[in-house]
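Participant: Model the placement of chain C on the given structure of chain E, informed by the hints.
One line per chain: the protein sequences are E and C, in this order. Counted the way the working numbering counts, the first sequence spans residues 2 to 358. Counted the way the working numbering counts, the second sequence spans residues 279 to 545.
Among the clues, some could well be false.
Once the Cα atoms are required to be at most 16 Å apart in a straight line, the calculated EDC-like pairs of lysine to aspartate or glutamate come out as [unchecked claim]:
#: 1; chain 1: E; residue 1: K269; chain 2: C; residue 2: D499
#: 2; chain 1: E; residue 1: K269; chain 2: C; residue 2: E536
#: 3; chain 1: C; residue 1: K389; chain 2: C; residue 2: E365
#: 4; chain 1: E; residue 1: K269; chain 2: C; residue 2: D520
Hints were generated in silico from the structure; no laboratory data involved.
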Amino acid sequence: MTGPTASNDPREVVLALKRVSTSLRVGGRLRPVVIDVDLEVGAGEIVGLVGESGSGKSMTARTIADALPPDAAVSGEVLLHGENLLAMNRRRRREVQPSIGMIFQDPRAFIDPLWRVEDHLTEGLRVHRGLSRTEARARAIELLNTVGIDQPERRIHQYPGEMSGGMLQRVMIAGALSVEPAVLLADEATTALDVTTQAGIVRLLDRLRRERGLAVLFITHDLALANAICDRVCVMYAGRIVEVRGGKRIFDDPRHPYTMGLLAARPKVDSRSQRLPVIQGTPINAMDAPQGCPFHPRCPYVLPECLPQVPPMIPVEGGAARCVRAEEGAARLSASSHVGEQTDVALAVSEEGSECS
Amino acid sequence: MLLEVKNLSKTFQLRSGFLGRATPLQAVSDVSFAVHPHGSVAIVGETGSGKSTVARMIVGLETPTTGEICIDGRQLSVKPNLKQRRERARQMQMVFQNPFLSLDARQPVGKAIAEVIAHHGTVEKSKIDARVAELLDAVGLAERLGMSRPRQLSGGQCQRAAIARALAAEPEMLVLDEPVSALDVSTQAQILNLLADLRDQFGVGVLMISHDLALVRHISDDVVVMHRGRVVEAGTVQDVLDSPREAYTQQLLAAIPERLSLSGANN
Numbered sequence: 002m003t004g005p006t007a008s009n010d011p012r013e014v015v016l017a018l019k020r021v022s023t024s025l026r027v028g029g030r031l032r033p034v035v036i037d038v039d040l041e042v043g044a045g046e047i048v049g050l051v052g053e054s055g056s057g058k059s060m061t062a063r064t065i066a067d068a069l070p071p072d073a074a075v076s077g078e079v080l081l082h083g084e085n086l087l088a089m090n091r092r093r094r095r096e097v098q099p100s101i102g103m104i105f106q107d108p109r110a111f112i113d114p115l116w117r118v119e120d121h122l123t124e125g126l127r128v129h130r131g132l133s134r135t136e137a138r139a140r141a142i143e144l145l146n147t148v149g150i151d152q153p154e155r156r157i158h159q160y161p162g163e164m165s166g167g168m169l170q171r172v173m174i175a176g177a178l179s180v181e182p183a184v185l186l187a188d189e190a191t192t193a194l195d196v197t198t199q200a201g202i203v204r205l206l207d208r209l210r211r212e213r214g215l216a217v218l219f220i221t222h223d224l225a226l227a228n229a230i231c232d233r234v235c236v237m238y239a240g241r242i243v244e245v246r247g248g249k250r251i252f253d254d255p256r257h258p259y260t261m262g263l264l265a266a267r268p269k270v271d272s273r274s275q276r277l278p279v280i281q282g283t284p285i286n287a288m289d290a291p292q293g294c295p296f297h298p299r300c301p302y303v304l305p306e307c308l309p310q311v312p313p314m315i316p317v318e319g320g321a322a323r324c325v326r327a328e329e330g331a332a333r334l335s336a337s338s339h340v341g342e343q344t345d346v347a348l349a350v351s352e353e354g355s356e357c358s
Numbered sequence: 279m280l281l282e283v284k285n286l287s288k289t290f291q292l293r294s295g296f297l298g299r300a301t302p303l304q305a306v307s308d309v310s311f312a313v314h315p316h317g318s319v320a321i322v323g324e325t326g327s328g329k330s331t332v333a334r335m336i337v338g339l340e341t342p343t344t345g346e347i348c349i350d351g352r353q354l355s356v357k358p359n360l361k362q363r364r365e366r367a368r369q370m371q372m373v374f375q376n377p378f379l380s381l382d383a384r385q386p387v388g389k390a391i392a393e394v395i396a397h398h399g400t401v402e403k404s405k406i407d408a409r410v411a412e413l414l415d416a417v418g419l420a421e422r423l424g425m426s427r428p429r430q431l432s433g434g435q436c437q438r439a440a441i442a443r444a445l446a447a448e449p450e451m452l453v454l455d456e457p458v459s460a461l462d463v464s465t466q467a468q469i470l471n472l473l474a475d476l477r478d479q480f481g482v483g484v485l486m487i488s489h490d491l492a493l494v495r496h497i498s499d500d501v502v503v504m505h506r507g508r509v510v511e512a513g514t515v516q517d518v519l520d521s522p523r524e525a526y527t528q529q530l531l532a533a534i535p536e537r538l539s540l541s542g543a544n545n
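So that you can see chain E by itself, here it is in the shape it has in the complex (with noise of 0.2 Å):
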């Protein structure tokens, strides 16, 4: 359901989620955070996961990550390499681990303050990889110079209070990459960091999938540096993939009216409007959505046949959407809306809207 690849060359699929859906246990009962996921990163690719709070994205990383909570359920197939990560065995699935690696959003809330670079940097390397302290350093510090760290022989013995944002996520880059890992997973990593820095880590990662054929699966709230940056985008609502589109489709004619909302929302930078044109209410959870398509109450362009069922995936150029509108596009949709007979629904919602981030 990933729709057609950005480029034509059938590049080696590393990650596959197949209907993967997520549960936690909140008081007591199973509630869904993530429904019936499908996606797949190729090596060498760079695949977006655009959404807000609550939309899943994290939980999806999560799933991938081995990182839920113990009581969470999980079901469907999390493939690496096409082997089932969630049918393994204890023992395997601890030999594949390092094949994931995982960087966050603060790298100072993962990173221990009184931890050296060096120690931060050679604990996967001696532990897995089993090399010697003298090994692991020089590796290190050839880590540092992949990443872009100036003079990685001094910083190496620096600790993460010496050490600005934008470097530190450098840093927990070099981490992630010390045991080689396949996929790596980034969790809104250029989030906390200022433009000019976020532009310098966002081309690390460019560098390092041309370099080293990385899959990563790029996880952001941000849809224009999703843009900027993956083959492929993948936008979630409710824990599910709604869109899903190659190339800069998904900038240029989203077929979802949620990624025509997101996109429509964002002050541009290049020309003024008056008025923002706003999704009404606020975006809700999995385990909050309704019967139908998670999306109706707060669409513009809904009609009687999004009520009863969550709509399929249809199939349009360059990739799929999860609305029995897909094929029309933005321009025709704004054309047929009834807008005033919408808002009193959507309204009524947002003074429901209850949603903590």
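Facilitator: Just chain C now, with coordinates in the frame of chain E:
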């Protein structure tokens, strides 16, 4: 002029280690700009540019090392007494990035708004409840949500409550520090439209601190670009964003995602 800032500088004394010798850090050097009545100015810059320190000095959370801050042509005292501090708080209110942190988690948001009204005595005691309802309505919150504590609200609703609290003092100026960057994209647009409406309705001047140039284009008339504590470029939003003169401003504009170009992506 509503707000005039002249040659503002701030030096922090940083101590390294216990009893270590203080080393001076010049966070802000020689910053000057002005906000017209009903005007809207943005200060943009990255981490460490000094933009937040400027805002904090203006609202009185930091003391300037040198320089002047004038409101309505009157210079603010460097060491204000209680009466002067109250007066400044009435004239200027600040809205912070994260409303869950800037509002008291244990206090219903309506109470927080009522407290500000009572403190500044802007309406009679008997009319406070009615005024709270009026302010909640102005920011698009149902009156019953005044009973909610911050955690019972969504991020957008909570930021609306924080804006209502700022307006409760009937300020002439709002200082907004990254007002929407903690919110979801679809919620951001709602808050930005609200701020535009409130500017028309209440006639307040706005000073916004942001790193987001698209947001600056949308909200502000003038922009001050700061880098390493100094103003590198200032002018109308149109001039600065459409034809930036300084290399640093050009670099900032080139790094925003919409303009980012990578060699490897997308075919």
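Participant: Run every hint past the structure and note whether it holds.
Facilitator: A quick look at each hint next to the structure:
{"no.": "1", "hint": "E:K269 to C:D499", "result": "15 Å, holds"}
{"no.": "2", "hint": "E:K269 to C:E536", "result": "9 Å, holds"}
{"no.": "3", "hint": "C:K389 to C:E365", "result": "22 Å, violated"}
{"no.": "4", "hint": "E:K269 to C:D520", "result": "13 Å, holds"}
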